[in-house]
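Participant: Sequence:
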Amino acid sequence: MRISQCSIVNIGDDKPIDPLNGRICGIGDMNKDGNTDLIVQQRTGSQNKLVVYLQSEGAEFRNGTQHIDLGKDGNDVFCNVGDFNGDSCPDLFIVSKIDDTSASFVNKIASVFSPRPPTRYQAKVYLNGRNDNFVELPLCFKTTDSSKSDICTPYQFIDHPSLVDINGDGITDIIGFQAIMENSDKNAATNSESSFVCLAGNFQEDVHGFDLKICKQNFPVPRQVFTGFTPIFTDLDRDLSAELIFVDQEENNSSGQKKRLVVWKYKEFTDR
1 MRISQCSIVN IGDDKPIDPL NGRICGIGDM NKDGNTDLIV QQRTGSQNKL VVYLQSEGAE
61 FRNGTQHIDL GKDGNDVFCN VGDFNGDSCP DLFIVSKIDD TSASFVNKIA SVFSPRPPTR
121 YQAKVYLNGR NDNFVELPLC FKTTDSSKSD ICTPYQFIDH PSLVDINGDG ITDIIGFQAI
181 MENSDKNAAT NSESSFVCLA GNFQEDVHGF DLKICKQNFP VPRQVFTGFT PIFTDLDRDL
241 SAELIFVDQE ENNSSGQKKR LVVWKYKEFT DR
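For the sequence shown, position 17 matches number 17 in full-length UniProt numbering, and the numbering has no gaps at all.
Warning: the hint list may mix true and false statements.
Claimed, not checked - Here are the in silico distance ranges between beta carbons for each label pair: (1) ASP239 with ASN218: 48 to 56 Å; (2) VAL135 with ILE27: 16 to 24 Å; (3) GLY209 with SER88: 16 to 24 Å; (4) THR234 with LYS142: 24 to 32 Å; (5) LYS259 with CYS140: 26 to 34 Å; (6) SER88 with LEU236: 43 to 51 Å.
To be verified - The calculated lysine to aspartate or glutamate pairs, modelled on EDC-like cross-linking and capped at a C-alpha distance of 16 Å, are: (7) LYS216 with ASP165; (8) LYS97 with ASP73; (9) LYS124 with ASP73; (10) LYS265 with ASP237; (11) LYS124 with ASP83; (12) LYS265 with GLU250; (13) LYS49 with ASP87; (14) LYS124 with ASP159; (15) LYS213 with ASP169; (16) LYS124 with ASP169; (17) LYS213 with ASP83; (18) LYS259 with ASP248; (19) LYS32 with ASP83; (20) LYS265 with GLU243; (21) LYS258 with GLU243; (22) LYS142 with ASP235; (23) LYS97 with ASP159; (24) LYS49 with GLU136; (25) LYS49 with ASP29; (26) LYS97 with ASP76; (27) LYS213 with ASP165; (28) LYS216 with ASP248; (29) LYS49 with ASP83; (30) LYS265 with ASP235; (31) LYS32 with ASP87; (32) LYS265 with GLU136; (33) LYS124 with ASP211.
Rather than coming from a laboratory, the hints here were simulated on the basis of the structure.
The beta-carbon is built from N, C-alpha and C at its ideal position, and this holds for glycine as well.
Produce the complete structure using the sequences and hints provided.
Facilitator: So, in C-alpha coordinates, the structure goes:
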(Lines of atoms letter the chains of each structure in order from A and count residues from 1; the text may use other names and numbers.)
(Lines give C-alpha, C1' and ligand atoms only; values in the text may rest on other atoms or scores of the structure.)
Protein backbone atom coordinates (compact mmCIF):
# COMPACT_ATOMS: atom_id res chain seq x y z
CA MET A 1 0.00 0.00 0.00
CA ARG A 2 1.37 3.37 -1.02
CA ILE A 3 1.83 6.00 1.67
CA SER A 4 -0.47 9.02 1.42
CA GLN A 5 1.04 12.23 0.01
CA CYS A 6 0.04 13.90 3.29
CA SER A 7 2.22 11.58 5.33
CA ILE A 8 5.34 13.02 6.93
CA VAL A 9 7.07 9.72 6.09
CA ASN A 10 7.77 9.00 2.43
CA ILE A 11 9.49 5.71 1.72
CA GLY A 12 9.60 6.44 -2.00
CA ASP A 13 8.07 3.21 -3.28
CA ASP A 14 5.75 0.34 -2.38
CA LYS A 15 8.46 -1.76 -0.74
CA PRO A 16 8.28 -1.59 3.08
CA ILE A 17 11.44 -0.86 5.00
CA ASP A 18 13.02 -4.00 6.40
CA PRO A 19 13.08 -4.06 10.22
CA LEU A 20 16.42 -3.26 11.82
CA ASN A 21 17.87 -5.60 14.40
CA GLY A 22 18.72 -3.94 17.74
CA ARG A 23 17.83 -0.76 19.64
CA ILE A 24 18.40 2.77 18.39
CA CYS A 25 20.74 4.58 20.78
CA GLY A 26 21.31 7.75 18.73
CA ILE A 27 20.95 9.57 15.43
CA GLY A 28 23.20 11.80 13.35
CA ASP A 29 24.54 12.44 9.86
CA MET A 30 27.52 10.11 10.05
CA ASN A 31 28.64 10.36 6.41
CA LYS A 32 27.67 14.05 5.93
CA ASP A 33 25.34 13.47 2.99
CA GLY A 34 22.50 15.52 4.50
CA ASN A 35 20.50 12.49 5.65
CA THR A 36 19.92 11.38 9.23
CA ASP A 37 21.56 8.04 9.98
CA LEU A 38 20.85 5.60 12.81
CA ILE A 39 23.27 4.39 15.48
CA VAL A 40 22.00 0.99 16.62
CA GLN A 41 23.12 -1.20 19.49
CA GLN A 42 23.03 -4.87 18.55
CA ARG A 43 23.41 -7.90 20.82
CA THR A 44 23.92 -11.22 19.05
CA GLY A 45 25.11 -14.08 21.21
CA SER A 46 28.26 -12.90 22.96
CA GLN A 47 28.61 -9.90 20.65
CA ASN A 48 27.60 -6.41 21.78
CA LYS A 49 28.32 -3.68 19.28
CA LEU A 50 27.20 -0.41 17.72
CA VAL A 51 26.32 -0.42 14.04
CA VAL A 52 25.78 2.67 11.89
CA TYR A 53 22.88 2.41 9.44
CA LEU A 54 23.25 4.96 6.65
CA GLN A 55 20.10 6.50 5.18
CA SER A 56 19.76 7.05 1.43
CA GLU A 57 17.82 9.74 -0.41
CA GLY A 58 14.92 7.28 -0.67
CA ALA A 59 14.78 6.88 3.12
CA GLU A 60 16.22 3.38 2.94
CA PHE A 61 18.81 2.25 5.45
CA ARG A 62 21.83 0.14 4.65
CA ASN A 63 24.32 -1.40 7.03
CA GLY A 64 27.40 0.80 7.16
CA THR A 65 30.91 -0.52 7.59
CA GLN A 66 31.49 1.41 10.83
CA HIS A 67 31.15 -0.86 13.87
CA ILE A 68 32.15 -0.31 17.50
CA ASP A 69 32.71 -3.30 19.76
CA LEU A 70 31.21 -2.61 23.21
CA GLY A 71 32.78 -5.66 24.86
CA LYS A 72 30.98 -7.80 27.43
CA ASP A 73 28.97 -4.99 29.03
CA GLY A 74 25.33 -5.99 28.59
CA ASN A 75 23.81 -2.66 29.64
CA ASP A 76 22.07 -0.32 27.23
CA VAL A 77 24.25 2.53 26.01
CA PHE A 78 23.20 6.04 25.03
CA CYS A 79 24.75 7.79 22.06
CA ASN A 80 25.28 11.38 20.98
CA VAL A 81 27.13 12.84 18.02
CA GLY A 82 29.64 15.68 18.26
CA ASP A 83 32.91 16.95 16.82
CA PHE A 84 35.53 16.84 19.57
CA ASN A 85 38.68 17.49 17.53
CA GLY A 86 37.40 20.09 15.05
CA ASP A 87 37.96 18.07 11.86
CA SER A 88 34.26 18.33 10.83
CA CYS A 89 33.91 14.54 11.04
CA PRO A 90 31.12 13.26 13.31
CA ASP A 91 32.44 11.57 16.45
CA LEU A 92 30.44 9.43 18.88
CA PHE A 93 29.86 10.02 22.59
CA ILE A 94 28.80 6.85 24.43
CA VAL A 95 27.36 6.81 27.96
CA SER A 96 26.64 3.62 29.92
CA LYS A 97 25.56 2.78 33.45
CA ILE A 98 28.15 1.30 35.79
CA ASP A 99 27.02 -2.06 37.10
CA ASP A 100 28.24 -2.45 40.70
CA THR A 101 26.85 -5.97 41.06
CA SER A 102 28.94 -8.75 39.59
CA ALA A 103 27.32 -11.70 37.89
CA SER A 104 27.95 -14.16 40.72
CA PHE A 105 24.92 -15.63 42.48
CA VAL A 106 26.22 -14.67 45.95
CA ASN A 107 26.70 -11.03 44.99
CA LYS A 108 23.24 -10.85 43.45
CA ILE A 109 21.65 -12.20 46.66
CA ALA A 110 23.71 -9.82 48.81
CA SER A 111 22.62 -6.85 46.71
CA VAL A 112 18.96 -7.56 47.55
CA PHE A 113 19.55 -7.04 51.28
CA SER A 114 22.04 -4.17 50.98
CA PRO A 115 21.27 -0.48 50.45
CA ARG A 116 21.07 0.26 46.76
CA PRO A 117 24.11 2.34 45.75
CA PRO A 118 23.51 5.51 43.75
CA THR A 119 23.55 5.02 40.00
CA ARG A 120 26.76 6.07 38.31
CA TYR A 121 27.63 6.50 34.65
CA GLN A 122 30.79 6.28 32.59
CA ALA A 123 31.45 7.85 29.21
CA LYS A 124 33.74 7.34 26.25
CA VAL A 125 34.46 9.30 23.10
CA TYR A 126 35.00 7.50 19.81
CA LEU A 127 36.82 9.74 17.33
CA ASN A 128 36.02 9.31 13.66
CA GLY A 129 39.16 7.97 11.98
CA ARG A 130 37.71 8.68 8.49
CA ASN A 131 38.67 5.20 7.27
CA ASP A 132 35.47 3.53 8.46
CA ASN A 133 36.91 3.13 11.93
CA PHE A 134 36.64 4.85 15.31
CA VAL A 135 39.44 5.50 17.80
CA GLU A 136 38.42 5.05 21.45
CA LEU A 137 39.17 7.89 23.88
CA PRO A 138 38.28 7.08 27.52
CA LEU A 139 37.32 10.03 29.72
CA CYS A 140 39.63 10.03 32.74
CA PHE A 141 41.61 12.36 34.97
CA LYS A 142 45.34 11.76 34.98
CA THR A 143 47.56 11.53 38.03
CA THR A 144 51.16 10.44 38.60
CA ASP A 145 52.17 7.74 41.08
CA SER A 146 55.39 7.48 43.08
CA SER A 147 57.21 5.96 40.12
CA LYS A 148 56.14 8.92 37.96
CA SER A 149 53.91 6.69 35.86
CA ASP A 150 50.70 8.17 34.52
CA ILE A 151 47.48 6.81 36.03
CA CYS A 152 44.23 7.29 34.11
CA THR A 153 41.20 7.04 36.43
CA PRO A 154 37.88 7.06 34.51
CA TYR A 155 35.37 9.73 35.46
CA GLN A 156 32.20 8.48 37.12
CA PHE A 157 29.19 10.76 36.66
CA ILE A 158 26.01 11.03 38.73
CA ASP A 159 23.97 11.50 35.55
CA HIS A 160 24.44 11.62 31.81
CA PRO A 161 27.02 14.28 30.89
CA SER A 162 25.92 16.97 28.42
CA LEU A 163 27.51 17.97 25.12
CA VAL A 164 27.88 21.76 24.76
CA ASP A 165 30.17 24.37 23.25
CA ILE A 166 31.42 25.98 26.44
CA ASN A 167 33.83 28.46 24.83
CA GLY A 168 32.16 29.21 21.50
CA ASP A 169 34.91 27.79 19.27
CA GLY A 170 32.55 25.48 17.37
CA ILE A 171 34.10 22.32 18.86
CA THR A 172 32.11 20.02 21.15
CA ASP A 173 32.83 20.11 24.89
CA ILE A 174 31.60 17.87 27.74
CA ILE A 175 30.13 18.95 31.08
CA GLY A 176 28.79 16.90 33.98
CA PHE A 177 28.99 16.24 37.71
CA GLN A 178 31.37 13.65 39.06
CA ALA A 179 30.08 10.94 41.38
CA ILE A 180 31.54 10.22 44.79
CA MET A 181 34.12 7.48 44.43
CA GLU A 182 34.52 4.77 47.04
CA ASN A 183 37.66 4.98 49.21
CA SER A 184 38.42 8.42 47.81
CA ASP A 185 39.67 11.53 49.52
CA LYS A 186 36.65 13.82 49.45
CA ASN A 187 38.92 16.80 50.07
CA ALA A 188 40.82 16.17 46.86
CA ALA A 189 39.91 18.39 43.94
CA THR A 190 39.31 15.44 41.61
CA ASN A 191 37.16 13.54 44.11
CA SER A 192 35.08 16.37 45.55
CA GLU A 193 31.59 15.33 46.65
CA SER A 194 30.02 17.67 44.09
CA SER A 195 32.85 18.39 41.67
CA PHE A 196 31.96 19.83 38.27
CA VAL A 197 33.68 18.28 35.26
CA CYS A 198 34.31 20.31 32.10
CA LEU A 199 36.36 18.79 29.28
CA ALA A 200 37.08 20.94 26.23
CA GLY A 201 37.52 19.67 22.71
CA ASN A 202 40.33 21.18 20.66
CA PHE A 203 41.48 21.26 17.06
CA GLN A 204 43.66 18.35 16.01
CA GLU A 205 43.13 16.47 12.76
CA ASP A 206 45.19 13.44 13.79
CA VAL A 207 42.94 11.39 16.07
CA HIS A 208 45.88 9.38 17.40
CA GLY A 209 47.35 11.05 20.46
CA PHE A 210 44.36 13.37 20.79
CA ASP A 211 43.11 14.22 24.26
CA LEU A 212 40.45 16.44 25.78
CA LYS A 213 41.63 19.36 27.90
CA ILE A 214 40.38 20.62 31.25
CA CYS A 215 38.32 23.76 30.61
CA LYS A 216 40.10 27.04 31.38
CA GLN A 217 37.04 28.57 33.03
CA ASN A 218 36.80 28.68 36.82
CA PHE A 219 33.56 27.18 38.13
CA PRO A 220 32.04 27.53 41.60
CA VAL A 221 31.92 24.50 43.89
CA PRO A 222 28.32 23.23 43.86
CA ARG A 223 26.54 21.77 46.83
CA GLN A 224 24.98 18.30 46.78
CA VAL A 225 23.76 17.98 43.20
CA PHE A 226 20.31 16.47 42.64
CA THR A 227 20.47 13.46 40.33
CA GLY A 228 17.98 12.95 37.55
CA PHE A 229 18.22 16.49 36.18
CA THR A 230 20.72 16.62 33.33
CA PRO A 231 22.60 19.96 33.24
CA ILE A 232 21.21 22.45 30.70
CA PHE A 233 23.40 24.95 28.84
CA THR A 234 21.29 27.66 27.22
CA ASP A 235 20.83 31.43 26.97
CA LEU A 236 18.19 32.44 29.52
CA ASP A 237 18.41 36.24 29.38
CA ARG A 238 19.06 36.67 25.63
CA ASP A 239 22.46 38.30 26.04
CA LEU A 240 23.98 35.85 23.51
CA SER A 241 25.87 34.18 26.35
CA ALA A 242 24.69 30.81 27.66
CA GLU A 243 24.03 29.94 31.29
CA LEU A 244 24.42 26.59 33.04
CA ILE A 245 21.33 25.30 34.89
CA PHE A 246 21.15 22.38 37.32
CA VAL A 247 19.37 21.37 40.54
CA ASP A 248 20.98 20.89 43.95
CA GLN A 249 19.59 19.86 47.32
CA GLU A 250 20.39 20.34 51.00
CA GLU A 251 19.36 18.48 54.12
CA ASN A 252 16.93 20.26 56.46
CA ASN A 253 16.02 18.75 59.82
CA SER A 254 12.49 20.13 59.74
CA SER A 255 11.49 19.76 56.09
CA GLY A 256 13.84 17.07 54.81
CA GLN A 257 15.60 17.66 51.51
CA LYS A 258 15.19 21.10 50.00
CA LYS A 259 15.83 21.44 46.28
CA ARG A 260 16.64 24.58 44.35
CA LEU A 261 17.30 25.50 40.74
CA VAL A 262 20.83 26.86 40.32
CA VAL A 263 21.93 29.07 37.43
CA TRP A 264 25.56 29.85 36.68
CA LYS A 265 26.21 32.84 34.48
CA TYR A 266 28.72 32.12 31.72
CA LYS A 267 30.70 35.36 31.72
CA GLU A 268 31.93 34.93 35.26
CA PHE A 269 30.37 31.54 36.09
CA THR A 270 29.18 32.90 39.40
CA ASP A 271 26.42 31.23 41.38
CA ARG A 272 23.27 33.36 40.97
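Participant: Look at each hint and say if it fits the structure.
Facilitator: Results of checking the hints against the structure:
Under the hint 48 to 56 Å, the C-beta atoms of ASP239 and ASN218, about 20 Å apart, miss the expected range. In this structure the supplied range 16 to 24 Å holds for VAL135 paired with ILE27, their Cβ-Cβ distance being about 22 Å. Taking 16 to 24 Å as the suggested C-beta distance range, the pair GLY209 and SER88 conforms, at roughly 19 Å. Between THR234 and LYS142 the Cβ separation comes to about 31 Å, which falls inside the hinted range of 24 to 32 Å.
For the hinted restraint 26 to 34 Å between LYS259 and CYS140, the CB-CB distance of approximately 31 Å keeps it satisfied. Between SER88 and LEU236 the C-beta distance comes to about 30 Å, which lies outside the given range of 43 to 51 Å. Annotation: proposed proximity of LYS216 to ASP165 holds, straight-line Cα distance about 13 Å (limit 16 Å). For the suggested pair LYS97 and ASP73, the alpha carbons sit about 10 Å apart, so the restraint of at most 16 Å is met.
With a C-alpha separation of about 14 Å, the suggested pairing of LYS124 with ASP73 holds against the 16 Å cut-off. Restraint check for LYS265 and ASP237: the C-alpha separation of about 10 Å stays at or below 16 Å, so the hint holds. In summary, the hint linking LYS124 to ASP83 is supported, as the alpha carbons are separated by about 13 Å, within the 16 Å threshold. For the given pair, LYS265 sits about 22 Å from GLU250 by alpha-carbon distance, which is inconsistent with the 16 Å threshold.
Pair hint LYS49 plus ASP87 does not hold up; C-alpha atoms about 25 Å apart against a cutoff of 16 Å. A threshold of 16 Å between alpha carbons decides the hint, and for LYS124 with ASP159 the separation of about 14 Å falls inside it, so the pair holds. This hinted pair checks out: LYS213 and ASP169 have alpha carbons roughly 14 Å apart, not beyond 16 Å. For the proposed pair LYS124 and ASP169, the alpha carbon gap of about 22 Å is over 16 Å, so the pair is violated.
For the hint pairing LYS213 with ASP83, the CA-to-CA distance comes to about 14 Å; that is within 16 Å, so the pair holds. Between LYS259 and ASP248 the CA atoms are separated by roughly 6 Å; this keeps the pair inside 16 Å, and the hint holds. Between the alpha carbons of LYS32 and ASP83 the distance comes to roughly 12 Å, so the proposed pair stays at or under 16 Å and holds. Of the pairs offered as hints, the one joining LYS265 and GLU243 holds, with about 5 Å between alpha carbons and a cut-off of 16 Å not exceeded.
Between LYS258 and GLU243, the direct Cα distance comes to roughly 22 Å. Violation of the 16 Å bound is thereby established for this hinted pair. A threshold of 16 Å between alpha carbons decides the hint, and for LYS142 with ASP235 the separation of about 32 Å lies outside it, so the pair is violated. The suggested pairing of LYS97 with ASP159 holds, with an alpha-carbon distance near 9 Å, which does not exceed 16 Å. Proposed proximity of LYS49 and GLU136 is supported: the alpha carbons are some 14 Å apart, at most 16 Å.
Straight-line distance between C-alpha atoms of LYS49 and ASP29 comes to about 19 Å, which puts the hinted pair past the 16 Å bound. Taking the CA atoms of LYS97 and ASP76, the gap is about 8 Å. The hint holds against a cut of 16 Å. With a CA separation close to 13 Å, the supplied pair LYS213 and ASP165 stays within the 16 Å bound. Annotation: proposed proximity of LYS216 to ASP248 is violated, straight-line Cα distance about 24 Å (limit 16 Å).
Restraint check for LYS49 and ASP83: not satisfied, since their Cα atoms lie roughly 21 Å apart, outside the 16 Å limit. Between LYS265 and ASP235, the direct Cα distance comes to roughly 9 Å. Compliance with the 16 Å bound is thereby established for this hinted pair. Proposed proximity of LYS32 and ASP87 is supported: the alpha carbons are some 13 Å apart, at most 16 Å. Proximity of LYS265 to GLU136 is assessed by CA-CA distance (about 33 Å); at most 16 Å being required, the pair is judged violated.
For the proposed pair LYS124 and ASP211, the alpha carbon gap of about 12 Å is at most 16 Å, so the pair holds.
Violation of the numbered hints given earlier is confined to hints 1, 6, 12, 13, 16, 21, 22, 25, 28, 29 and 32; the remaining hints are satisfied by the structure.
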